[in-house]
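Undergrad: Given next are the chains, with one letter for each unit.
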Amino acid sequence: MPALDVSEIILIGTGGGYGESVVIHLADNHWIVVDSCIDPTSKASLPMQYLRDKGVDLSKDVKLIICTHWHNDHILGLYELFEACTSAEFCFAPCHDVQKFLFLVSLDYKKAERGIPNSSTTIFIKCIELARHRKVRVKRAVQDKLLYKHKEYEIFALSPSDYTLEKYDEEVSTLITEFGNTDKRIITSSPNSKSIALYVKLNNHRAILGADLEVSNDAREGWINIIDNCTKTVIDQKASLFKVPHHGSENGYHIDIWNTLLTEQVNANLTPWNRKQKLPTTQMLEVMYGHTDKLYITSNVIGSKPKKREKGIEKFIQQINPSLREVKFRYGLIRCTIEGKDPKGKWATFTEGSAMPASQVLREMRTTSL
Amino acid sequence: METSTAINPNLLSNRLKNSMSSKDEKSASVEAAISNFLKNKKIGNQKSANNFREIDEGKLDGLQDRMRVLLAQRSNAPKEYYKKTQRWFGSIIALEKDSFTAKLEDLNSPDTYEVASFDIEDVSQGDRDLIGIGKNFYWSVGYYVSHDGQVKKESLIRFQRLPIWDSNDIDEAADSAKELHDTINWE
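For the record, the sequence lines run as chains A and B. The opening residue of the first sequence carries number 1 in our numbering; numbering runs sequentially from there. The opening residue of the second sequence carries number 1 in our numbering; numbering runs sequentially from there.
Just so you know, the hints here were simulated from the structure itself, not pulled from any lab data. The beta carbon of each residue, even a glycine, is placed where N, CA and C say it ideally should be. Accuracy of the hints is not assured; some may be wrong.
Stated by the list, open to error - Restricting the straight-line Cα-Cα distance to at most 35 angstroms, the calculated cross-link-like pairs of lysine-lysine (DSBU-like) are:
| id | chain 1 | residue 1 | chain 2 | residue 2 |
| --- | --- | --- | --- | --- |
| 1 | A | 149 | A | 135 |
| 2 | A | 100 | B | 97 |
| 3 | A | 328 | B | 153 |
| 4 | B | 83 | A | 308 |
| 5 | B | 84 | A | 43 |
| 6 | A | 126 | A | 278 |
| 7 | B | 152 | A | 305 |
To be verified - Facing chain A, according to a computed beta carbon distance under 8 angstroms, are these residues of chain B, among others:
| id | residue |
| --- | --- |
| 8 | 84 |
| 9 | 91 |
| 10 | 111 |
| 11 | 117 |
| 12 | 136 |
| 13 | 153 |
| 14 | 162 |
| 15 | 177 |
Extracted from the complex, chain A is given alone in its bound form (with noise of 0.2 angstroms):
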């Protein structure tokens, strides 16, 4: 358990496809999660895995959960914390039609009993029925709210702007058109604009914790709208902890995002993506690398293979479909320390599981030229 005035913000990462979670400790015992991840074989949710290891009293000491987008990268486990978390509130953002909205997912709820598991909306629809049952509030997170408040700590959303929302709400029409039907899943191609970016401020220190936030060709949203308009509200000073967003993934980079919203040599940390595409590239990891020294992934960029099975049944595979491979978990995390109070405090890094610094990946990429 950290000292009451130390503030933590703890990076969560399973290897890519089991997703990612944040866990900050502002201070005095103030505990806020954002996203939740899970390891596949036991399907525990990894933020309250580490929540309990540290002692933390679920009931009471977690009290704000941030669903920063719906997606299955961000959302598994979410119902099995918020459900130990009696005292939490909720947090998400949806498009400003909450209603239509609310269908959609209801409607894709529905699908899971006619055998269509989709587990984001299944677990997104469970977590406002209990905060419905609970009474406790649920925030949409918009451009510039105040989402949490502890003396000097704070928590505000940098994403989705009113744009963004606006926008929202047509593709949640044509999402409700296009994976209505009973027989599909819904599958969204580039849905970041809407994720939840969060500025923290830690007494005298700042942290931005990215999401899956990417740079839009519209100012009106993503990164840019946050370098033009939070500069101006509620960023009052650079970041000296970096939650890269979206995986290190070129979309989710802009040289103003390092030059303008964070200091020198920021702490930043991020989690890879180890599907059919690989991120972070060796490419943005070299560019993220000139930026600062100090960048930690919670593992490294895994080639691929096939699941072990039966060898006849293996090999068999391997002949009809060489290209299937099996999406590896890998537990890594990366804990962020530092004393809010002290003006000229600095981040203490420490890392569990496959976590690394990210020097020590990209010597491998280059090796290997993934």
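Put chain B on the given structure of chain A with help from the hints.
TA: Only chain B this time, still in chain A's reference frame:
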């Protein structure tokens, strides 16, 4: 030589009756129609077909003989089965010109998931119209033992076919969304 595939219309009627699970009006009317049809046919008194080709060549009467051949095949043939089968539930996450990529949940060992690409040619002609983003299918690979004991390796992709929503389903989802919206303690 004539085959002894003639069947008692009453037995057939019972068999069909037993296979009907629902007792609603619709089932009852189907039941009555089948029963009448069988009563009006002299099954067992006609020359029977050995296979569908004889029927298609016009040598024999259609429906009854098709039923006889089908039932004979089912009752007399040794069973065909699969052994050592690996199954997945797949959802299409990307479409290319001649192929698609799917996320696959391992139904034998549901822990980690997998990703694979499939050629559209791997999908049977009848299922190809069902290929699309978000569509779901079962994929099984394994050893198939035919009725004559031959062991073959087989890979089979079958797309899910589900009934479309009816107005009650839509109403229920809309009511649930409204109720949630109206009763949540929004900030």
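Undergrad: Looking at the structure, which of the earlier hints fail to hold?
TA: No hint contradicted; all consistent.
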